[in-house]
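J.: So the protein lines, in turn, are chains A and B. Numbers 1 to 644, taken from my numbering, label the letters of the first sequence in order. Numbers 1 to 125, taken from my numbering, label the letters of the second sequence in order.
Since the hints were derived computationally from the structure, they do not count as laboratory data. Keep in mind the model is a prediction, meaning the values are calculated, not measured. Ideal placement from N, C-alpha and C gives every residue a C-beta, glycine not left out. Just so you know, not all the hints are guaranteed correct.
[Claimed, not checked] Pair by pair, the computed Cβ-Cβ distance ranges are: (1) B:N38 with A:F585: 55 to 61 angstroms; (2) B:W22 with A:F28: 42 to 48 angstroms; (3) A:M631 with B:I96: 39 to 45 angstroms; (4) A:S535 with B:G17: 49 to 55 angstroms; (5) B:T31 with A:S535: 36 to 42 angstroms; (6) A:A25 with B:E83: 46 to 52 angstroms; (7) A:L269 with B:F18: 20 to 26 angstroms; (8) A:F268 with B:E83: 47 to 53 angstroms; (9) B:D90 with A:D496: 24 to 30 angstroms; (10) B:K95 with A:L582: 57 to 63 angstroms; (11) A:S4 with B:W22: 28 to 34 angstroms.
[Claimed, not checked] To be clear about the criterion: a stretch of chain B counts as covered by chain A if any three or more of its residues have a C-beta under 8 angstroms from a C-beta of chain A, and this derived list gives those stretches: (12) 2 to 11; (13) 37 to 50; (14) 97 to 108.
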Amino acid sequence: MKLSNIKRFWISFILSIPMLIQMFAMPFHWMMPGYNWIALITTTIIMAISALPYWKSAIAAFKKHSANMNTLVATGTAVAYFYSIFAMITNRPVYFESAAFVTVFVLLGDAMEEKMHDNASNALGKLMGLQAKDAEVQRDGKFVKIPLDQVQVGDIIRVKPGEKIPVDGEILEGVTTLDESMVTGESMPVVKKVGDTVVGSTINSNGTITFKATKVGSDTMLAQIVDLVKKAQTSHAPIQNLTDKISNIFVPAVMIIAILTFIIWYSFLGATAVKAMLFAVSVIVIACPCALGLATPTALMVGTARSAKMGVLIKNGEVLQEVSDLNTVVFDKTGTITVGKPEVTDIVGDEKQVLTIAASLEESSEHPLATAIIKKAEAEKLAIEKVDDFEAIEGKGVKANYHDQTAFVGSNRLLADVNISPEMNTKATKLQEEAKTVVYVGLNGEIIGLIAIQDVPKPSSKEAISELKKRGLKTVMLTGDNEKVAQAIANEVGIDQVIAGVLPNEKAEHIQELQQHGDKVAFVGDGINDAPALSTADVGIAMGSGTDIAIDSGGIVLVQNDLRGVVRALDISRKTFNRIKLNLFWALIYNTIGIPIAAGLFASLGFTLSPELAGLAMAFSSVSVVGSSLMLNKTKIAGDTAKA
Amino acid sequence: MNISQMLVLIIGIILIGFIVWWFFGKHKEATGSGTIVNDEQTATIVVNGGYSPSTVVLKKGIPAQVNFDMRDSTACLSHVVFEQLGVNKDLTKQKITTVNIPTDKPGTYNFACGMDMFHGKVIVK
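Hey, can you work out the whole structure from these sequences and the hints?
T.: Structural data, given as structure tokens:
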């Protein structure tokens with residue numbers, strides 16, 4: 001019969017209900033009429049449906065000189081079941097419920113394990129869903145739509161506005177801007193022209209391009225990302241090493257203890273064969289390492305699922321372990337603490353005129369500062385005017401003919417050629433001291449205004465950093481910017497320490513330096529150039545939608561580009577790891593205390609465990625571990641608004 | 001101590017000795033190799049209470065596939081995981097599950113069940 005574990009579980013569970021009722025009625029001295037026959041029939045069905053696969057597997061494993069959880073399950077259930085039949089014939093008390101309950105709870109564990117694997121593969125399916133389904137490929141001079149898997153290297157592909165780039169390639173014709181955020185994490189669209197490379201699954205926004213496919217199938221960047229996630233999923237949590245080590249010798253050791261129990265009781269203490277056997281069976285039943293096996297995976301399953309709902313992707317169990325030792329959090333500045341998009345903060349002079357001239361001149365520029373000016377002009381609803389005789393002043397700015405006057409916009413290098421009033425100059429210096437980049441706007445050889453541009457901190461950064469400090473963590477900011485800008489931002493958000501003027505390739509070294517002082521460091525960053533720092537840190541936290549998976553060095557990935565995610569990530573990691581430790585502790589306690597009791601070590605004190613009590617204890621240990629893991633869903637996590 | 005008690009003691013000790021020898025003693029593990037047909041090699045591993053054979057040797061340079069023949073219906077062995085290859089396959093969905101093994105360079109690929117209790121390896125040389 002081919003049944004899934006969950007179906008087997010439900011059938012077995014329903015069949016075991018009469019025995020469950022009897023067990024709870026026992027203390028009240030109530031006996032179910034015809035209990036033995038009911039138990040015999042239901043247990044026999046449970047054995048045939050659910051326990052038989054374990055018996056088969058245990059026998060096959062035994063032939064290969066190995067023993068596992070199945071061996072204990074098989075031995076425990078088989079002994080309890082066949083003894084009960086023997087006991088029924090000879091009119092002794094039966095222990096069918098032990099056999100039935102052990103089977104039911106082992107199945108529950110297996111069914112949960114199955115569900116966990118299904119969840120994991122779902123996440124992977126979503127990633128693959130980022131891919132385009134088909135591509136417009138040139139065939140015999142015409143563009144035809146073909147399925148993605150038929151695209152070959154060298155194919156000429158056309159992509160219209162709003163469509164996804166199907167595969168990786170190089171542009172042959174056209175100019176467009178691409179939203180590459182899913183791959184690079186850069187939320188600003190990137191301008192692409194002839195000769196530039198494009199990445200599959202990014203979104204084409206405004207132009208039509210044709211490009212030559214250079215990488216298809218499993219070579220594309222997205223495929224590599226998916227591969228990476230797969231590897232992360234199959235990687236192994238180090239805390240499980242303990243249980244793995246134990247499991248190798250655990251089962252044969254338990255069997256030996258059970259035999260010793262029988263010998264000692266029967267041969268040395270003169271107990272009856274039945275009594276000795278009850279002790280031996282109790283040992284086997286209580287020793288089922290289900291709780292031990294469930295401890296880590298269930299907590300991981302609940303913890304990672306909960307964190308995923310909050311936009312925190314935890315890559316593996318190792319990260320959880322590292323998080324619990326952290327004492328320092330290092331942040332990248334641009335795009336992490338700050339928005340990563342420069343914004344106009346101040347305008348000096350006739351605001352309307354200055355902004356109109358600047359926007360009109362900068363309209364065709366691709367410079368990020370120009371983008372900030374145009375955005376500001378759009379927000380102020382200013383009309384961008386047509387200019388002619390447009391000309392770039394090399395390294396200084398741009399100039400053009402504006403209403404028959406020569407207008408110009410640029411950096412302080414322009415000042416060499418034009419006049420600036422002392423008053424304007426003082427204002428410029430003041431703005432620079434506030435760590436703002438100043439753009440000069442001029443008309444007819446005279447500076448008429450200033451535009452100050454700043455990359456402002458995210459609104460949530462301050463709150464997130466104070467939350468981290470409340471948790472006793474030291475906060476450090478790492479940036480390539482000059483000291484003034486960096487310190488101004490640090491003061492604003494409450495960062496403890498600033499390391500400024502750091503070249504991108506030096507970030508990892510600075511983290512190492514902190515580690516050498518004995519600090520356990522988490523690094524929070526986004527973008528590809530942070531990868532070395534992310535992997536050097538004890539815990540790498542990668543921010544931003546999309547980049548998540550691209551950064552293999554990030555142990556934790558935040559889907560939202562929000563620093564409060566860091567607080568959440570640390571909270572949930574700590575809580576999950578603590579839960580794993582608690583679970584393992586309980587599971588081990590159950591076995592280390594349970595086995596001696598089951599073996600009758602305290603029998604002289606009148607303290608023994610019958611097989612059914614051992615079965616209950618075993619079941620309860622599994623349930624308590626699962627329950628304890630499920631409690632993770634209820635624990636308080638900072639800023640968790642999306643309650644499940 | 002009466003006769004039956006002596007008997008239980010002796011049988012018990014023999015049983016313990018047997019368990020120790022059977023589970024902890026060194027036992028030769030079966031090794032299999034791929035069969036080459038039309039410049040493609042395939043090897044089959046039967047999954048039933050473990051992997052048999054648990055070690056498969058493949059020749060370098062010939063495209064290779066390892067077939068897992070699932071005959072066990074407990075959750076223990078329901079998945080096979082090749083950690084280095086990032087492969088995690090559910091064996092219960094179909095009878096035979098095929099895993100492609102890169103043979104471009106010599107090396108050893110370890111595999112294990114989903115709970116990391118059973119182990120095996122594929123050696124390319």
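J.: Are the hints correct? Go through all of them and say.
T.: Do the hints match the structure? See the list:
A hinted range of 55 to 61 angstroms for the beta carbons of N38 of chain B and F585 of chain A is consistent with their spacing of about 57 angstroms. The hint said 42 to 48 angstroms for the Cβ distance between W22 of chain B and F28 of chain A, and at roughly 46 angstroms that hint holds. The given range of 39 to 45 angstroms is respected by M631 of chain A and I96 of chain B, whose C-beta atoms sit roughly 41 angstroms from each other. For the hinted restraint 49 to 55 angstroms between S535 of chain A and G17 of chain B, the CB-CB distance of approximately 51 angstroms keeps it satisfied.
Taking 36 to 42 angstroms as the suggested C-beta distance range, the pair T31 of chain B and S535 of chain A conforms, at roughly 38 angstroms. Checked against the hint of 46 to 52 angstroms, the pair A25 of chain A and E83 of chain B passes, with Cβ atoms roughly 50 angstroms apart. For the pair L269 of chain A and F18 of chain B, the supplied restraint of 20 to 26 angstroms holds, since their beta-carbon distance comes to about 24 angstroms. Separation of F268 of chain A from E83 of chain B is about 48 angstroms and conforms to the stated range, judged on CB atoms against 47 to 53 angstroms.
A hinted range of 24 to 30 angstroms for the beta carbons of D90 of chain B and D496 of chain A is inconsistent with their spacing of about 48 angstroms. At roughly 41 angstroms, the beta-carbon separation of K95 of chain B and L582 of chain A lies outside the given 57 to 63 angstroms, and the hint is violated. Between S4 of chain A and W22 of chain B the C-beta distance comes to about 33 angstroms, which sits within the given range of 28 to 34 angstroms. Evaluation of the coverage hint for the stretch 2 to 11 of chain B: fulfilled, as 4 residues show C-beta separations to chain A shorter than 8 angstroms, against a requirement of three.
With 3 residues bearing a CB less than 8 angstroms from a CB of chain A, the stretch 37 to 50 of chain B meets the requirement of three and the coverage assertion stands. With a cut-off of 8 angstroms between beta carbons, the stretch 97 to 108 of chain B has 0 residues touching chain A; three or more are needed, and the interface restraint is violated.
Hint violations for this structure: numbers 9, 10 and 14, all remaining hints satisfied.
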